[in-house]
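Trainee: Take each chain as given, in its own frame, and dock them per the hints.
Those protein sequence lines, which keep their order, are chains A and B. To convert, count from 1 in the first sequence and add 102; that's my numbering. To convert, count from 1 in the second sequence and add 125; that's my numbering.
In short, the hints are calculated from the structure, not lab data. One or more of the hints may lead you astray.
Stated by the list, open to error - Covered by chain B, per the in silico footprint, the following chain A stretches (three or more residues, Cβ under 8 Å):
{"id": "1", "stretch": "121–132"}
{"id": "2", "stretch": "223–235"}
{"id": "3", "stretch": "273–284"}
Built from N, CA and C at the ideal position, the CB exists for glycine as well.
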Amino acid sequence: MKKRINLFSQRNENQTAQKYLQYGKRTTYWVLLFGVLFLMALFGTYFWFNRYLSELKNKKDTYNRYILTNKEFNQEIKHFVNKFSLLKTYLASDAAGYAYYKHLKSIIKPSGAVDTIDSFTINNLQVVSFSLSVPSYDEALRILDFFEQKEVLEQFDSLVLESFDITENSNSYTMSFNGKLKHIEK
Amino acid sequence: MVPINKIKALFNKRYLSVGLFIGLDIVFLVFVSYLGYKVYGIYQETRSFEQEIDQLKTTSLLIKNNKNLLQDNISSYNDILDALIPDGETYFQVISALEQLEARNGVRINSYSINLSETTEEKMSLSLTISGPQNTIESLLDNYHYSSGRLITNEEITYSMGNTETISFAINVFHSSSDQPNPESDVAEIIIANEDIEFIQSIQEKL
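If we strip away everything but chain B, and leave its shape as in the complex, we get (with noise of 0.2 Å):
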């Protein structure tokens, strides 16, 4: 049994204040350590707030500065857009997109082959085998990008000035989802200039 001397000594004026200031402390550290955990919280919620309006203010800013200049075209300049880079691909608008750049540059696809090795899943491949007069076979050549009324590009080309009956020409045709943005474009820095809507519009010419 503890001594009841013992127990009063624990009473004891100079025991019972620290004993006091133990408690306070304790007390202290437990609303010192809450305190923190809900500053760390809020700390939290506002970096994700800053995120939210940092893209909040890209959008803000590119309605901004874009809004003037496109706001009465621009559902024609997507519908050019969306008809040079469809947002699907189909086999019967690449055989349309070939017939088309056929009719309008006088020249005749002889075959076509798709390169498999060189196909991704935005761009199609193919290696054409064109014959034509040496005129129509080089307005082919300066006018290809846009005739077929899709965007055709061409990575490498060998023309020889000899047999320029038949060329043998690689294009690419590309489509793309509106839904997927172009990885290596920052939204924020866009601002649409008057060479760009020229250029869409010299484009819409030559569809």
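Just chain A, with the same shape it has in the complex (with noise of 0.2 Å):
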């Protein structure tokens, strides 16, 4: 037989439990809460893509219908578009070299030494090389003024003398010019 009995005990148990419950219950009415509100702005969400999804179906009829009456046109278009755009890349890579050498000649001829052009190199990146040859030396110093003037050198990206040659019993002096020319429409 019992002596004393804590009449604490039960209730202790009671009170943990109702503060979990109080918990719990807050716990599921937040969750509800913010679900319903989760919910809704998943709704509102779904019919404005539902909305624009249909807009773009229009559109996409519209577009379609539009291509479908020029579909002709179409073929040809791109067609023309493909081949037309690589014919301008191929001709890009193009040095165009005889337009660059009469440009050349164009450059020189102030000095009168458009005939003594011996050599003439270019590539796709108007990188130039060129030689000309002069029989005396005073005509060799004469070309190499010109080629320091103001509007000379205007039309070169860079321009140095790469070498200065005689040739002996010929009496030709030989000047090599390396360098880039300004680029040119064609």
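Mentor: Here is the structure:
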């Protein structure tokens, strides 16, 4: 037979259970509240996307109808654009050497030494090398002076006298230049 | 065995309301997840539609921007472009182009060889040895781009004035299938201008 009964022990257990119950209730309320709000937001988003999708479908149909009406032209223009852009791309890799050769001659023309051009090399980046041969030293100096003129140098991105050679017995003075010509419209 | 009291306690008003809310929460969460999944699906669908529409818009703009200028003569322009850059390449096409190059410029092609290192899938690089008087060689250097009936380009030229009877000349001829769009071109941006048409017409005169 028990001598004493602890009347508070049962009560303490009940209090703890009630405390957890309160937490649980509060949590479920909040979850429900956020759930409802989130659900409403999702519904809104869903309907917005549905409407947007239907607009996109209309747009797609319109474009499709337009393209279908111009079906033949569409094939032709795609073919044209493709080949034309290739043509331009390939032409861009062309050195257009003769055009630059004529350009160089026009640059040299005021010096009267056009006929002294011995060789001419150019690539598609307008990197150029050329040589001039003249029969006298004075003539060679005059040409060098000419190439130092501002108007002449303006035609080049860079220009250097690579060599100045004298051929014995033949009285030939050869000047070799390297540089880069400025781009011209071909 | 579970005591009856405990079972009764489970159905106690308080427990029941919490249980109900938990149930509702679960239903809500399941529904929210389902709806989220649906929204994601519809979002993906719109993205895919947007991409399709972008392509269609590009095509439509290409038609719209160029129709007035090109509609009447586009077939003949395409014929010119196909002649310059054919869809395929054969040995006989190249020989025929070289013969035309000779005939049109009055030079003689003594020999030719293929530069394998420079040749690619769409470009055939050839090294030509050409002979002829200076004026015909200069005519060739001036007109090689289209006078063979094909597009010919040259990436580097060396011209020696003292020895103009014979020159070495490296050329490129091209072919490309119409099904392979040029990766360097942005179709949406392309508006063919009057100058482009004049350019094609000027090529036509040189072919």
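Trainee: Determine for every hint whether it applies to the structure shown.
Mentor: Do the hints match the structure? See the list:
Residues of the stretch 121–132 of chain A lying with their CB closer than 8 Å to a CB of chain B number 5, which satisfies the three-residue condition for coverage. Three residues within the 8 Å Cβ limit are the bar, and the stretch 223–235 of chain A against chain B gives 4, so the coverage statement holds. Under the rule that three or more residues need a Cβ within less than 8 Å of chain B, the assignment of the stretch 273–284 of chain A is violated, with 0 such residues.
Consistency with the previously given hints fails for number 3 only.
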